[in-house]
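Undergrad: Since each chain comes alone in its own frame, lean on the hints to assemble the complex.
Protein chains in written order, with the working numbering: chain A, 1 to 329; chain B, 1 to 258.
Because the hints were derived from the structure by calculation, they are not lab data.
Take these hints with a grain of salt, some might be off.
To be verified - Partial chain A-side listing against chain B, Cβ under 8 angstroms, derived:
id	residue
1	THR55
2	PHE86
3	ASP92
4	GLY109
5	VAL110
6	ARG249
Claimed, not checked - In silico DSSO-like pairs for lysine-lysine, Cα to Cα no more than 30 angstroms straight-line:
id	chain 1	residue 1	chain 2	residue 2
7	B	LYS49	A	LYS144
8	A	LYS300	A	LYS279
9	A	LYS237	A	LYS226
10	A	LYS133	B	LYS17
11	A	LYS279	A	LYS241
12	A	LYS279	A	LYS257
As the list claims (entries may be wrong) - Only some residues are given here: those of chain B computed to face chain A with a beta carbon under 7 angstroms:
id	residue
13	ALA6
14	ILE10
15	TRP12
16	LYS91
17	VAL95
18	ALA96
Ideal placement from N, C-alpha and C gives every residue a C-beta, glycine not left out.
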Amino acid sequence: MFRMTNAIEALTLTRNFKDLVAVNGVSFTVGTGEIFGFLGPNGAGKTTTIKILATLLRPTSGRATVSGYDVVRQAPSVRRAIGMVFQDQSLDDRLTAEENMLFHCVLYGVPRQDALIRMEELLDLVGLSIRRKDLVRTFSGGMKRRLELARGLLHRPAVLFLDEPTLGLDPQTRSHIWDYIRTLHHELGTTVFLTTHYMEEAEVCDRIGIIDHGRIIALDTPSGLKRLVGGDVVMAKTADKEALLTAARERFGLPGKLDDEMVYFETQRGESFIPELIKAVPGILEVRLRQPTLEDVFLKLTGRAIRDTGGGILDAMRVRRTVHQRRRQ
Amino acid sequence: MQAFFATVYIIWLRDVKRFTREGTRILAMLGQPLLYLLIMGQGLRSAFKMNIPGFDYLGFVYPGVIGMSVLFTAIFSSVSIIWDKQFGFLKEVLVAPVPRASIAMGKALGGSTTACIQGAILLILAPLAGVSLGLGQIIALAGLMFTMAFAVASIGTLVAARMETMEGFHLITNFLTLPMFLLSGAFFPLNTAPAWMQPLMRIDPVFYGVDALRNVIYADSPVRPYVVAQTVTVDVIILLAFSFVMIGLGMLSFSRTE
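Bound-form chain B, shown alone (with noise of 0.2 angstroms):
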């Protein structure tokens, strides 16, 4: 049990080290979110018309920009175990004494603490879009940011898993961030899609992670009821339950030997 979190902590520790070493990433990192705020929200606000009296589109899209940004750094972060599978690296770990499984988690934790940084990123910017935030709110959001990035992350370790190969990796992974992207009422709440929609929508992680972060930025605002669909507890208790199946299935992927 000891070698399973040692394990962890180091394969953590890696990724957060390669992370900080990479400056194009970090400044890749400050300039996206901005982008997709300023060109998504601010393109977006005049096509969409809430039937909220006085309540910005902006406010609605920002957690969703946040959603779709620890989206993105969440998934494709798991591309390091392919690069590890090509170089050779994972070798190292395979043939260690360790629990293969604690790959899976150190992986998926790395990845979600890249995306959690991210994340973090774009709540300095939340003035921009129109929100204020108090203290106990921020450490709620990078809470619960971590919790859906993990979800997220777990996902692509489960792929990467599986995948040999960059292409394969990217092939699966895109046809999977998309939908997730565009189902997660980042862009439109949920009572005002489609019927059809509505279960796919409740089937996306990413929604319910979109949800909690509404849920915290309008806790005491009058129009939280208009824009979330269910309350935090639940939004969390779904997104967990999620990520242990996912992390689940990646140990178990890991564990195998031919």
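The following block holds chain A by itself, in its conformation from the complex (with noise of 0.2 angstroms):
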């Protein structure tokens, strides 16, 4: 019977390192055309998730599916549908930026033709049209990634896998970086899957999923996380504070609070609460809204902070144990 495949399905996918369980039971879908993140700190299993759908790793257990083909049996159709940014760099540096462009055309079967068309247009998109005949060994972090991205687009994939895409940038190419994914996926469609561990970078997600220590512990939108944590915080300023204070308790049924300076309101929907607070009462001098962040929602769910690499000696271990892990494989 035909149905709509998820781009990506994943049924208590476990992976071990010895006795290490680096993936812990995990199980999502991701829907088509979505983008997808994963946020955790490192060694919490993103990346070996990711090797399992692109094919480079087996579970010790579970299943999973990309565009609807089994990860173990139908490897090389899962290979053909997607595409893979690597969180090292995974470029020639002695070839140009072209050739290591049809390099990778021929390896995805891509018509002659067809490649150079592609090539212009994603060289382009990524604004590296003028160095396309530099070696790559001359690029900075920056343009290897943007030339990655644009390789990891050429044979056109349903999903596309981005892991730590930003990993080792500064804060100006990283931001550019996120804008070139953001109007890739807008213009081809593609289903996104990311790892990062920037709280901040995991907002352009559709959807995220909280992972540590190899679980998932939150799954949902950016703005129904930060829900987890409670609501955001309208703070307006005014001449009569306390008729704001009534007319907000009488129209909105909020009640506020009060400083020397401020009213402070917890609502749900600040950005819609603030319009309609303007209208109903006037005389606001100023508003301010501050929304919980990602980083809010990592500490209330694991009781520490995202970027202290965490619970001590074990949590280190655990790192280097996958870092020499990935170096095996």
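TA: Take a look at the structure:
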């Protein structure tokens, strides 16, 4: 029977490295055309999951499909359907940008005429057209990343995997990379599965899975996740604070709080509350909105901040082991 | 199948392109054979006396130097597989919808090509060794050098497929190349070697490569029976069988998924 397949389906996916459980019974689905992110600290199991989905590692147990194909039994079909941008660079820096791109096209069986046209478009999209004939070794880190992104799209993959696409880049380049990812997603409708440990970057995603110690501990839209830690705080400044408090209680049923300067309201939907408030109560001079961040969410769920490698020596060992395993593959 | 050959081709092409861009490597390639031939050939010439009237040791050692040169270049060209593993480029191929076995084949062919270029440089130096070659011989020698290079590069590929670090790779290949070089019959013929050594020489692929080269270089010479161990046909069959096994194992090694 025909059914719409999700871009990715994972069911109790588990991967052990000897006695270390890198991914522990992870289940999730990613809809076609969605940007889905895995957010978690180093060694949480993000890269291992991506490698299983990209057929580079076998799961110890559980199963997963990408574009409807089983990642173990139908690995060649999965590989045809996906594009991959690895955490560490995977370009040949002794070849030119163009040669790297054409190499990729041969691997994916893109006919030469199409290859030349797409290469043109994609190099343009990532702003590397003028450097096309240059050896990749002369490129900066950000340029290499952009080239890898463009290369990953040459064969028009249904699903694009991005493993820490902005790791080790400066903030400006990082924000450029995200602009490109959004543009690519918008123009080509590719499903994107990405991992990151930068909180603010995970906001790009339609949905985020927070992963820690090999398990998904929360999975929702960014705003859904933030609701876990309480609502937005709207702060308003006005000449008559008492009038504002009364009006808000009557019109919106919101009890406000008060300090010397501002009136505070806690609400689930800060953005839409602000115009309503301004319309309803005249004389508001200044409004501020503070929204919870994903950092707050992670802190609440795990009891620690995402950037400290966390819970001590055991975690440090996990990270080391994962790095080691990564090298062994 | 088409994907297999396309991948083999592109991996081979990449290796050749990288090679042609490395000026120092090409320069070293020009210099090295000259050193081998002049220092080793001339140096050993005075120490070794072959009991063949009118035959110069330099002429005997010349095919040996070609074999040695091909051996070193072919086996160490596989080091690029380790680089590709460490610098991530290999993953680009591993994640692509191509048979992974094609990586082993492409790499072995790439290594053979560079080794063959090295060997070709030595062919130009033939007059220095007092050897004169006809066009037919040169073509035959090029083919044989490639066959030998492929056998050796296949070993390198197999080792590199199983190694993760540069240190590990060099440890194993050094351990392999030195005996392969010494037992190749480059410097002394099989029949003068002590009886215990002869079986060891006979399991060395380079021995068959060097023997094949001598077969062609001395095809019409009266000294041929003294300098070769078996016919060129036997040499080539053994080299091919050896390559077949090694490249097969190398291709298998790449096909595994962890």
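Undergrad: Against each hint, give a clear statement of whether it holds in the structure.
TA: Verification of the hints:
1. THR55: holds, 7 angstroms
2. PHE86: holds, 6 angstroms
3. ASP92: Given a least distance of 5 angstroms, the restraint on ASP92 (chain A) holds.
4. GLY109: Result: holds, 6 angstroms to nearest chain B Cβ.
5. VAL110: violated, 11 angstroms
6. ARG249: The hint is violated - ARG249 (chain A) has no Cβ within 8 angstroms of chain B, the shortest such distance being about 59 angstroms.
7. B:LYS49 <-> A:LYS144: Violated, at about 60 angstroms.
8. A:LYS300 <-> A:LYS279: Measuring from Cα to Cα gives roughly 35 angstroms; hence the hint is violated.
9. A:LYS237 <-> A:LYS226: Status holds; Cα separation ~25 angstroms.
10. A:LYS133 <-> B:LYS17: holds, 14 angstroms
11. A:LYS279 <-> A:LYS241: Roughly 16 angstroms separates the two Cα atoms, so the pair holds.
12. A:LYS279 <-> A:LYS257: At roughly 20 angstroms apart (the allowed maximum being 30 angstroms), LYS257 (chain A) and LYS279 (chain A) satisfy the hint.
13. ALA6: holds, 6 angstroms
14. ILE10: holds, 4 angstroms
15. TRP12: At 11 angstroms from the nearest chain A Cβ, TRP12 (chain B) fails the 7 angstroms test, so the hint is violated.
16. LYS91: For LYS91 (chain B), the interface hint holds, since the closest Cβ of chain A sits about 5 angstroms away, which is under 7 angstroms.
17. VAL95: holds, 5 angstroms
18. ALA96: With a minimum Cβ separation of about 4 angstroms from chain A (threshold 7 angstroms), the hint on ALA96 (chain B) holds.
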